[in-house]
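Asks: Chain by chain, the residues run as shown.
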Amino acid sequence: MKDQLIEKIMEEVMKKVEEPKTEAPKATPKFCGMTEFVGTGIGDTIGLVIANVDPSLHEVMKLDKKYRSIGIIGARTGAGPQIMAADEAVKATNTEIISVELARDTKGGAGHGCLIIFGAEDVSDARRAVEVTLKELERTFGDVYANDAGHIELQYTARASYACEKAFGAPVGKAFGLMVGAPAAIGVIIADTAIKAANVDVIGYASPAGGTSYSNEVILFISGDSGAVRQSLIAAKEVGVKLLGTLGGEPAPVTVPYI
Amino acid sequence: MKDQLIEKIMEEVMKKVEEPKTEAPKATPKFCGMTEFVGTGIGDTIGLVIANVDPSLHEVMKLDKKYRSIGIIGARTGAGPQIMAADEAVKATNTEIISVELARDTKGGAGHGCLIIFGAEDVSDARRAVEVTLKELERTFGDVYANDAGHIELQYTARASYACEKAFGAPVGKAFGLMVGAPAAIGVIIADTAIKAANVDVIGYASPAGGTSYSNEVILFISGDSGAVRQSLIAAKEVGVKLLGTLGGEPAPVTVPYI
Amino acid sequence: MKDQLIEKIMEEVMKKVEEPKTEAPKATPKFCGMTEFVGTGIGDTIGLVIANVDPSLHEVMKLDKKYRSIGIIGARTGAGPQIMAADEAVKATNTEIISVELARDTKGGAGHGCLIIFGAEDVSDARRAVEVTLKELERTFGDVYANDAGHIELQYTARASYACEKAFGAPVGKAFGLMVGAPAAIGVIIADTAIKAANVDVIGYASPAGGTSYSNEVILFISGDSGAVRQSLIAAKEVGVKLLGTLGGEPAPVTVPYI
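Protein chains in written order, with this note's numbering: chain A, 1 to 259; chain B, 1 to 259; chain C, 1 to 259.
Treat the hints loosely; a few may be bogus.
Any copy, or any two copies together, can satisfy a pair, since identical chains are not distinguished.
Only pairs whose alpha carbons sit at most 30 Å apart, straight line, appear in this in silico DSBU-like list of lysine-lysine [to be verified]:
1) K174 / K30
2) K66 / K30
3) K66 / K196
4) K62 / K166
5) K30 / K65
6) K196 / K65
7) K242 / K30
8) K174 / K196
9) K66 / K135
10) K135 / K30
11) K166 / K66
12) K65 / K91
Derived by calculation from the structure, the hints in this document are not laboratory data.
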């Protein structure tokens, strides 16, 4: 009986211990009482504001003089979801995207973390942009499929705005999509699949040695008719998830797919 | 008795939990029924082919017009083993190495992942190159010694071909070797050891800020008489494994040493 | 009773398993009997020397002819602590800092590993510099506060020397400080806080896409009156630790804070 018991416990324990660490764990909402703190989100994302950026910092950050206030989005895991979320925020608020930087991160994963700066003349605008971004993350993590070996990410917008333009060179106002495959080899296949699936314009291609921060990803950026872009992305997703599955467990979406 | 039982169980559990994650876990062979899929290998390596690369992808990937088909090798863990394996594939098939890119990866380890593209006029050649590469991996992971703190990697070929030339600047047709130490400090020592151990030509040196993708490695590339190259590598290995052991457990080879 | 027992054991086990992996585990001192080996330290740091660097290695490492001997510090986790420690070593010994390279590392964390080379005419000087560096690490890891989501690092010296000058552009002989926030967003806030807290000179700013090796950090370098620099750093720390805590557990110092 003792052995049986041990076995049962071991089983329970290993189940708990081996639970696949999703690459983008849900942040438990915490607060810290600072006026600079706006909130947190999926992927170790934090949202912050500075009402009056100190002139010396303004200078070393090379910010435009006209922005007294900045909104800040930073994350360990993910750049695509945060940038797409920031794109919605720019549409919804009186702010501009000042910079988008990609760290080679994802907490040991194959991809990027990010640092996004919004500029605003008024702190309430900066704060609002950060709030919208954090809220949108729930959606934009919907088509991130991850397992222990890598991830597939799809993003889509019917009308790209300035965050997508800044980060990806997307034509503003047009339907835009991106697809990421990690490890990068899978990204090559899904790029080919996507282009063949519908009549879309290829506006960019990024790989470990060019266009990424040495992440293990191939990323394709597409634009065009909104139906075609979606069709492309869906074709890419199907192939990508299948291929990624050959290297590990069944890749599961981080939240709820939206494309 | 209860306490004893708990203790015993805790012991069992911790043993299981603390098992050193080897940095290059063996892939369990899986299949996915796609014609693009060739297979998987050690180090989360995946092998893929595209029979007819879409012209738009051809363009953004800057491929030579003459390659209708490409073979693709991608991995989360390892670049050396995959490149050396690809070198054998190039010798054995009617393909060329189009590009070798190093991602800063290894799933939280100190080294690289990779993306290797073979070009071929015929898809069967591309597929064959990928198959040979995947098969050779079993051997080329033989002199990768890893523990929790880093890794030592040795690679050797009696006759370097075009993958080694493309990736490492190796003189084609001559004996060639490389040695990697991670953390990088160990790489400096084994480089010095190797050069002193035999009369070899130093053809390159890579470090975190130059020649790597910011990996925590120092890599030395050597060429020369085949006996001398091997002697150098063996000297480097002995020292490297000893030094790496001071930072963690006994570094063990991923498969079976071949040098 | 069986269920109760299982529950109790599960609790124990999960406590053990979930213990936050500090990003800079203490190295257990090991020895390896090689003359090149000096010792190990926190953060998977290893200290090594080469008495007579081989001429071919000398050349590819681009070392100055006058240094026959080199001291080597390498680490998986941390660059700031090692560089600050090396700064003390340079003051205390007859050596020079030849190079400081930052790997994108920290074993899956958001920051850097490092490779630091000391040059000396005599091996005993090189060895002494490495010894001092390893010893100082205990102190310089004192204001590194880490949790699962990132880290806050503060460093301070009343009188910067050549390691700080080489790595950070610090004015030699003056009080110098740096603060790191990871994820990078937090670094922006603490930079602003620090500058507003006291009258200091901003001498540099590094972010994922500029000045770091694509790490997920924002780093601010400050100089000035020693009291002002310390006051700045303390203000930055308080804010940084609070913000980092919103993303995970309470960030704890790796050793004992010294600022």
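Asks: Determine which of the earlier numbered hints do not hold for this structure and return their numbers in increasing order.
Replies: 1, 2, 5
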